[in-house]
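Peer 1: Chains as they are written, first to last, in my numbering: chain U, 1 to 330; chain F, 1 to 239.
Keep in mind that the hints are not guaranteed to be accurate.
What the hints assert, rightly or not - Derived contacts from chain F toward chain U, CB cut-off under 8 Å, selection only:
1) LEU56
2) PRO75
3) TYR107
Source of the hints: derived by calculation from the structure; they are not laboratory data.
All of these numbers come straight from a predicted model, not from anything done at the bench.
The beta-carbon is built from N, C-alpha and C at its ideal position, and this holds for glycine as well.
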Amino acid sequence: MDIFIQQVINGLTTGSVYALVALGYTMVYGVIQLINFAHGEVVMIGAMVAFSVITALAGTASPLPPAVILLAGVAAAIPACMAIGYLLERVAYRPLRHAPRLAPLITAIGMSIILQHLALLVWSRNPLAFPQIVDNPVFSIGGAAITGVQIAIILLSVVLMALLTWFVYRTRFGIAIRATAENVHVASLMGVDANRVIAATFIIAAALAAVAGVMVGTYYGITHYTMGFMLGLKAFSAAVLGGIGNLAGAMLGGILLGLVEALGAGYIGELTDMCKWPLMKEVVAERCAADGHLVLMGSNYQDVFAFLVLIAVLVFRPSGLLGERVSERA
Amino acid sequence: MNAASPILEVRDLHVAYGGIAAVKGISFEVGTGETVCLIGANGAGKTTTLKALSRLLPARGTMHYDGHSLLHRPPHELIGAGMTLVPEGRGVFARLTVAENLDMGAYCRNDKAEIAADRDRVFALLPRLKERARQVAGTLSGGEQQMLAIGRALMSRPRLLLLDEPSMGLAPMMVQKVFEVIQSVAEQGVTILLVEQNARLALSIAARGYVMESGGITLTDDAPALLANPKVREAYLGE
Chain U
1 MDIFIQQVIN GLTTGSVYAL VALGYTMVYG VIQLINFAHG EVVMIGAMVA FSVITALAGT
61 ASPLPPAVIL LAGVAAAIPA CMAIGYLLER VAYRPLRHAP RLAPLITAIG MSIILQHLAL
121 LVWSRNPLAF PQIVDNPVFS IGGAAITGVQ IAIILLSVVL MALLTWFVYR TRFGIAIRAT
181 AENVHVASLM GVDANRVIAA TFIIAAALAA VAGVMVGTYY GITHYTMGFM LGLKAFSAAV
241 LGGIGNLAGA MLGGILLGLV EALGAGYIGE LTDMCKWPLM KEVVAERCAA DGHLVLMGSN
301 YQDVFAFLVL IAVLVFRPSG LLGERVSERA
Chain F
1 MNAASPILEV RDLHVAYGGI AAVKGISFEV GTGETVCLIG ANGAGKTTTL KALSRLLPAR
61 GTMHYDGHSL LHRPPHELIG AGMTLVPEGR GVFARLTVAE NLDMGAYCRN DKAEIAADRD
121 RVFALLPRLK ERARQVAGTL SGGEQQMLAI GRALMSRPRL LLLDEPSMGL APMMVQKVFE
181 VIQSVAEQGV TILLVEQNAR LALSIAARGY VMESGGITLT DDAPALLANP KVREAYLGE
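Sequences are here, hints too, so could you generate the full structure?
Peer 2: The following block contains the structure:
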């Protein structure tokens, strides 16, 4: 039971991060029907910028309290990522607005590779240790542990998602974003400058990505120029799981994916322990006698779950859990 | 052609889809305060003309609204200048609520108090919208959606209202209601350019009409004269 609670806590933490990143995929898709495959790299740049700022501020035995240094890292990462998000739209995607859909998609993959290698040149080809400067107290709940960082990640994600929801549903510009997502021509007849809305969508997505990047760096204690790739694919899977183009879907999909992955990782060892399978037990009795376990797949297989989920959704419910349309303008 | 100062003046307008000419050099004008209709069969180029005026399609020729050329202006600037299109098929935002749709009509305005007053006016004119203000527009009937599309356009305080096939797909009762609303909008002094396949209905509320046929204007006259014209009666009034 304590494994279960522990994995739920871990899953909620990574799920919160997936949700923030998935929101970026889903918002951009909602407005221009583009999967921005470079979005994961924006997360990575956020982590890298925060890494540099935190390292610089913390290294000099500065009088600044750790929390302030961390906040400075976030405060630097957000505008840096916003600028990159805007540039991506302006330079790479806007010129292809009326091109066949495949063209911006391939461009997105190209931008992803370019950003990775820019980060490689600017930072390092090796994994960088993300400075662990804030205290990370451990609390125990029902036999499981939850750290201060985990609590902070979950709470901050909830706050950001609530803010985004308020913005999109309660403000004039938010309504204009939803109107543009539904029908860009009619929205322009209403006086909405589609280019402004699209640029704003990229900028908001990038700001969320920046925060997610700092979260990942702080949680895993490491950053690497390729870290955005797998994270991006998983967040994309989460967005598809929830129903791409749907904000609530991205949040739900992110959390669910985090939970599936964590629980999968937590139990896959037990489930693939041949010594517990009725038929296999006899076949491998010799090995079991030695140490009692013959585990086929360990928790290093956790990445498999995100993509199993993606495949299952695409096969059984292509519009996602909360999505209603997928190929309306295909 | 008795209007002193045309609010809309179109000369030699050409519009093409790819290489295919859909509108072939038409000229017409709408005087300030007038209600003018553009009638013709399906595919005559009426909707294309409105889309070109609204800058949703590239066009050649001259289009002057309120003395200024419309060519090269982006579509989102027109509503602020007082020219609003109610598009074919209504184009309501199905996933936004009725109230949010109306807010979108006032998107380019900043006078909060006046917007609220206009919303009350729209609700008074179209009471069904008030009942359904919090409902998502996709759940409205076709007639209600047409009312919403018109109400949304009115929220921009248009001086020139372009209406594209407002009767399309509606039950006869609803068509009647929609046209009563259009007429009362016209009576409030809004200039109207109405595109309709239902020629009899359009000519019943318009002062003048243009007849379009395969991309060109073939006939123009005052509405009563067009209603009496044997060619029009045969081709468009089903007699």
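Peer 1: Which of the listed hints are not met by the structure?
Peer 2: When the structure is compared with the hints, none of them turns out to be violated.
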